[in-house]
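Participant: With the sequences and hints as input, model every part of the structure.
Protein chains: 2
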Amino acid sequence: MTVYQLDAAMVRDAVTAARPDSPDDEEAVSSAFARAAWSVLCEPGDGVAGDVVAACGADRALSLLLERADPQRWLDAGGGRLDVGAAEVAAGIERWSPRLSARGVVSALTSAARLGARLVLPGDAAWPSGADDLGRHAPLALWVRGRLAALEPPGGSVAVVGSRDSTAYGEHMAIEIAGGLGDRGFSVVSGAAYGIDAAAHRAALAVKRTTVAFVAGGVDRAYPAGHRDLLTRIAAYGAVVAELPCGASPTRWRFLQRNRLIAACSQAVVVVEAGRRSGSLNTAGHAAALGRPLGAVPGPATSALSAGCHRLLREYDAACVTSADEVAELALGRLPTEQPTLLEGMADDPDAVRVLDALSPRSARAADELARRTGLAPRTVAATLGLLALGGRVRESATGWVRA
Amino acid sequence: MTVYQLDAAMVRDAVTAARPDSPDDEEAVSSAFARAAWSVLCEPGDGVAGDVVAACGADRALSLLLERADPQRWLDAGGGRLDVGAAEVAAGIERWSPRLSARGVVSALTSAARLGARLVLPGDAAWPSGADDLGRHAPLALWVRGRLAALEPPGGSVAVVGSRDSTAYGEHMAIEIAGGLGDRGFSVVSGAAYGIDAAAHRAALAVKRTTVAFVAGGVDRAYPAGHRDLLTRIAAYGAVVAELPCGASPTRWRFLQRNRLIAACSQAVVVVEAGRRSGSLNTAGHAAALGRPLGAVPGPATSALSAGCHRLLREYDAACVTSADEVAELALGRLPTEQPTLLEGMADDPDAVRVLDALSPRSARAADELARRTGLAPRTVAATLGLLALGGRVRESATGWVRA
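As given, the protein sequences belong to chains A and B, one line each in that order.
When we follow full-length UniProt numbering, the leftmost residue of the first sequence carries the number 1, and every step to the right adds one.
When we follow full-length UniProt numbering, the leftmost residue of the second sequence carries the number 1, and every step to the right adds one.
Think of the hints as simulated: they come from the structure by calculation, not from any bench.
You may find that some hints are simply not true.
[Unchecked claim] Chain A is faced by these chain B residues, among others (derived, beta-carbon under 10 Å): (1) Glu-43; (2) Arg-354; (3) Leu-356.
[Claimed, not checked] Cβ-Cβ distance ranges computed for the label pairs, FRET-style: (4) B:Ala-383 / A:Arg-228: 36 to 44 Å; (5) B:Ser-360 / A:Ala-9: 33 to 41 Å; (6) A:Gly-333 / B:Asp-165: 32 to 40 Å.
All residues carry an ideal CB built from backbone N, CA and C; glycine is no exception.
Facilitator: Structural data, given as structure tokens:
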């Protein structure tokens, strides 16, 4: 390990502290250190970084950056697998270089270890496979506080997101849906924000199920500060996950990029309550782009905080979901089945409807009178009266038929 | 005119009383009388009656029925245009014969005339063209109380329907949508029931626009009785329309069949509020079957009276509509346009978002510090700061940049 001119033992100590159960051969350690470095060097969603790491390997790409190699050397190292050109690599080098600092990477690893957080990498058993659907925008590493197994839960996971300034109605729906999903074995994914996110996490915790919070800053940051205890409980029963290393603060950009992880690491995304410009619509947009089933909970048309959900129903073909059952169907890819009863309006046989319509509970009516009233053939009236009499719904008196 | 052995002058008087502005040659009168007779003879939606009237003509078919002709003669008279076989014709004859009564037809015509109602037939200028989309189930005649021009209004018409036991929310939405549609030049079609229907009619009347009520019994019947005044006002500014002649009472069967007329005679159908088994879902089913655009107004997922609307959104691909504007778009066939902004989350340039995130309103920060914080190339930071400074959103102090 020559990168950053760091002592190999220091690198190994830092990496194994944050990855205590992972292979510690030199190659594995070097690669993990380089991935940690890339999570420090670039902002989330940097597609050029994704490309060079995929084509050259994280440690080779890091060496090239440290050596101040010209773009052509990067392209050569990529061996034709690099989709981007020299200009994009040059722009990347300019972006990444200001953050080159060995201390930053070591500190990210040791801060994580001190907190009990882990560095999780592609190829690890705990790596959430859905994240790879982001392609060149996939995270290069994830920092996880809590239970690693929560990232790829056996029962599947559903994102339940929504507005920070939720209404009592929205919170009620978030609790119903997230609690019900927990009861059905799903993990509940959200963003740990005030309002709908918090209600969803709390409902999952209340039924003692796994819940995962993707946060926009480092996992050491309690954001919002009022959710410090909630984040600790989420980490105890599930996981708090960040793409940025410890110490990173949440920014608007990082919130938007964090949203893509919520969508990618869930089987379906449900927006419970959202204004027309809510950030949760951005999460919905990522879900749609990734082909994840997208649901929206309807609310009063008069509520500004349901306008975003209605926009998803109207313009983005989101499924209308009103219960945990319906969300579970959405996540399992079961399309709602059309009920053939809509046109019938009632389950009764149409002839029976017409005969019952024509009967009175008091005045007895003869069969020929019923034929005239119903517009049915006398034979049909007779057969229908017979069936209805068997069911106890009509009876024959001395002067004709009455409704029972 | 030999049918029913009626005097020709009596037939002519009866017909011209109910069709004062229509041609009164013998053929026209005979055909109109026969159509009136068929509206007495069969229940709404009788497809076999529709077939024989289309294939043989209304008066020839009526003569055959009066002559007690065997089914083969009907098939011969249809000249190969009849889709049904002898068995179906025989069953039809059995259904229709019990109601054969000359008095019934004459009384239907004279009762209508006494009320000022008109008999409207296919081919009349006032005939609503949408009704023909029902094919063999199209009405054979319509009885209209009010303004004939209301049946085919120049601005188009939209059905606004829903539950009888509506909530204040549902009525509010019906008023907003129906009133707004009226303001936009649409006629409002509904079923004159309590609840949503009444709110829709009243809202259209309040903005002095045309509204049309399709009723399940005769136009002389006030049903529900509490809507006698409302029906009179609807007839004054629009029309009350029935498929059944005066004197006919509304039955469950006739309500269901009436719903197909509401759907057929509108450019779009909107369900405002409906329980899971509301009759308005039957209207929605007809709209879907006819290919009419179908909208549903969302409501709280916790409201049993919105469950039917949510079912339409979820299972029947109804459009989610929350305002008169959205309903008008639906009726005009304008698909909602996908806004490209959903994934962006905000209109700002992403670099500007990141630079603004990294700036403080108090502590000045140097450009290289901003490059490190944003993860952007120093060049990009400099260019972005320049643009933001032009917009007055950042300013440079002696020690660096601050957010304005």
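Participant: Are the hints correct? Go through all of them and say.
Facilitator: Consistency of the hints with the structure:
1. For Glu-43 (chain B), the shortest C-beta to C-beta distance to chain A is roughly 4 Å, which falls under 10 Å, so the interface hint holds.
2. Below 10 Å, beta-carbon pairs count as interface contacts, and Arg-354 (chain B) has one with chain A at about 5 Å; its hint therefore holds.
3. The beta carbon of Leu-356 (chain B) comes within 8 Å of a beta carbon in chain A, closer than 10 Å, and the hint placing it at the interface holds.
4. Distance hint check for Ala-383 (chain B) and Arg-228 (chain A): the Cβ-Cβ separation is about 39 Å, which falls inside the suggested range of 36 to 44 Å.
5. Checked against the hint of 33 to 41 Å, the pair Ser-360 (chain B) and Ala-9 (chain A) passes, with Cβ atoms roughly 39 Å apart.
6. Gly-333 (chain A) and Asp-165 (chain B) have their C-beta atoms about 36 Å apart, which keeps the hinted 32 to 40 Å range intact.
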